[in-house]
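Colleague: Assemble the whole structure, with the sequences as input and the hints as a guide.
Residues per chain, in single letters:
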Amino acid sequence: MNPECLAELQNVSKRYGSVLALDGTDLQVRPGELLAVLGPNGAGKSTAIALLLGLQQPDTGRAQLLGMSPLLLEARRGVGVMMQEVALSPELRVREQIELVASYYPDPLSPDDAMRMTRTTPLGARPYGRLSGGQKRQVQFAMAVVGRPKLLFLDEPTVGLDLPAREMMWAMLHELVRNGASIVLTTHYLEEAESLADRVVVLAKGRVIASGTVPEIRAVVGHKRVVCSTSLSADVIVSWPGVLSVRRERERLQITASNAEAVIKRLAVADPDFQDIEVRGAGLAEAFTELTQETSQELTKEMAS
Amino acid sequence: MNATFLPAGNDLIRSATMSGARLRLAYLTETKFECLRALRAPAFAIPFLLLPLVLYVLFGVLLAGSMSHGDAAIARIMFVNWSVFGIMGPGMFGFGMFVATERGQGLLTLKRALPMPPAAYLLSKMVMAMLFSAIVMVTLVLAGAVLGHPGFSASQYIGIALLDMLGSLPFCAVGLFIGTLASAKSAPAFANLAYLPFMHFGGLFYPLPKSVQPIEFLSPAFYLDKLGLRLVGTASLDQLASGATGPSSHVSLVLCVAVLAGITLLFTGLSIRRLARVG
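The listed protein sequences correspond, in order, to chains A and B. For the first sequence, the positions run 16 to 320 when the working numbering is used. For the second sequence, the positions run 3 to 281 when the working numbering is used.
No lab work stands behind these hints, which were simulated from the structure alone. Idealized CB from N, CA, C, for every residue including glycine. Treat the hints with caution; some may be incorrect.
[Said to hold, decoys possible] Under the rule of at most 35 Å between Cα atoms (straight-line distance), these lysine-lysine pairs were calculated in the DSBU-like manner:
#	chain 1	residue 1	chain 2	residue 2
1	A	Lys220	A	Lys239
2	A	Lys239	A	Lys280
3	A	Lys151	B	Lys34
4	B	Lys34	B	Lys187
5	A	Lys151	A	Lys220
6	A	Lys151	B	Lys212
7	B	Lys34	A	Lys220
[Unchecked claim] To give a feel for the contact side, a few chain A residues facing chain B, derived at Cβ under 7 Å:
#	residue
8	Arg91
9	Arg92
10	Val96
11	Ala102
12	Ser104
13	Glu106
14	Leu107
15	Glu111
16	Ser118
17	Arg163
18	Val192
19	Gly195
[Unchecked claim] Each pair of labels, with its calculated beta carbon distance range:
#	chain 1	residue 1	chain 2	residue 2	range
20	B	Arg275	A	Asn26	24 to 32 Å
21	A	Glu89	B	Leu272	21 to 29 Å
22	A	Asn56	B	Ile48	26 to 34 Å
23	B	Ile160	A	Gly57	53 to 61 Å
24	B	Asp13	A	Asp213	17 to 25 Å
25	A	Asp38	B	Pro49	43 to 51 Å
26	B	Leu65	A	Glu89	55 to 63 Å
27	B	Leu65	A	Val34	53 to 61 Å
28	B	Gly22	A	Arg141	28 to 36 Å
29	A	Asp177	B	Leu53	42 to 50 Å
Modeller: Here it is, written out as structure tokens:
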């Protein structure tokens, strides 16, 4: 275990029936960072968070939270949580929900301060059951920060938020990190990870397939997309070294390659009349899609062999 | 970055140890809001607060009174029996429905992830069920004194009220067990599957035929009822039907207390084990 880490999964596996949700996963949350955990549905993101929060026990490997077992109340007193699918008591008012969560912590913000900070003050007296989906997320966010936690777990925090509310939450997250908090964020919104995260971990099929800063993830993938009009067939190009996939896009071919320059040289030799060439760097979205696709292809091959 | 998000004089991160006073506050706050939200849920509060009063007045006072021509023994039995009925609902349904819903809708998971003291979850619901029992008992005592005339002294009323508030615990435990097993949708049905037989086999409303009387021993309501009748020195409906008039004596005090405590411990234990394992 690394004593520097606020939370850590060490070689953790977790199986639900026939599904291996996590497969030898290592995950570290370092002080003061915003870590984005990306991955398609079923990648193991929620399981990883459940293990870090002590909601589940690993089958093998170890989980630690603030240097302790996640099962200890003491560990969780330093942690704020926002979950994806949770229905709070509809009869309680917003301020009461926040007051209740505040009571679990040793030295929380006052409910009024937490509401002011998260811009939920106007909702304070409303019964929770009468709020819109977006308003509920904002209240849950207030509940996550009210305990003044060192570490925040936010599972898809901005789903269902309108643009101003999302921007408010992003600004809040920056503010929290600037104040020394660490945040673990799972998200489907790649732009969210790109604009917020210090570090990204990509999970697929229960494995960490990439981790690093946003530019690092892009570099690891290093894929570029070459689009051009050519008389060559896709079948020919796909056999070239460095070419990962070729797709026909109307008149043009879309070539994904790890060494775009070499592909272009070869293209110029094989078809001097090629036209309309365009080279695009892969954004996090592409990087992410390809990383997860590759993994599933690899796994399919593994299973076939 | 925009610093106006920070409330004046507050920093966003604090490490502190939980003081005893803060821990007590966590228990109190949990309990306060558990009671508040139950009182504010009309589908829960209205039936369980009003029904015992309405049914006691209708069946225990008016109907039983006219059928027995104002027999004082019947009036006493009716009060004790309907009191038992009154405290069964909040315990069984309060735990059964709320726990099942909170399990199904993620609230229990969130609370397990938050630093909620685990015992606060069950204790707050227990206090809520006892508060509902206390309110029910106040309405029944008032109705008894004004309309039912069971002829109890103030201390007998208080004794029955306290006994039944404590007596709601085994029903809480059974409800909790149902709540840990059933889904939010099926919990009311399962709770009824236990509630109705407990009530009818407990010998609360009518004397059971001798041939089926042993079934009474399966209902916790039967034991609580026996304790209540013993407290006010009255025979049960069954005994009255078979000609006895003296106080209930064929089931010992120790047995009643042991069974009720046993049910409470057994089902609470099974439920805690299941909640810890499955959530």
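Colleague: It remains to establish, for every hint, whether it holds in the given structure.
Modeller: Hint by hint, here is what the structure shows:
no., hint, result
1, A:Lys220 - A:Lys239, "holds, 25 Å"
2, A:Lys239 - A:Lys280, "holds, 15 Å"
3, A:Lys151 - B:Lys34, "holds, 22 Å"
4, B:Lys34 - B:Lys187, "holds, 26 Å"
5, A:Lys151 - A:Lys220, "holds, 31 Å"
6, A:Lys151 - B:Lys212, "violated, 58 Å"
7, B:Lys34 - A:Lys220, "violated, 44 Å"
8, Arg91, "holds, 4 Å"
9, Arg92, "holds, 4 Å"
10, Val96, "holds, 5 Å"
11, Ala102, "holds, 4 Å"
12, Ser104, "holds, 5 Å"
13, Glu106, "holds, 4 Å"
14, Leu107, "holds, 5 Å"
15, Glu111, "holds, 6 Å"
16, Ser118, "holds, 4 Å"
17, Arg163, "holds, 4 Å"
18, Val192, "violated, 9 Å"
19, Gly195, "holds, 6 Å"
20, B:Arg275 - A:Asn26: 24 to 32 Å, "holds, 29 Å"
21, A:Glu89 - B:Leu272: 21 to 29 Å, "holds, 28 Å"
22, A:Asn56 - B:Ile48: 26 to 34 Å, "violated, 42 Å"
23, B:Ile160 - A:Gly57: 53 to 61 Å, "holds, 59 Å"
24, B:Asp13 - A:Asp213: 17 to 25 Å, "holds, 21 Å"
25, A:Asp38 - B:Pro49: 43 to 51 Å, "holds, 50 Å"
26, B:Leu65 - A:Glu89: 55 to 63 Å, "holds, 58 Å"
27, B:Leu65 - A:Val34: 53 to 61 Å, "holds, 59 Å"
28, B:Gly22 - A:Arg141: 28 to 36 Å, "holds, 34 Å"
29, A:Asp177 - B:Leu53: 42 to 50 Å, "holds, 44 Å"
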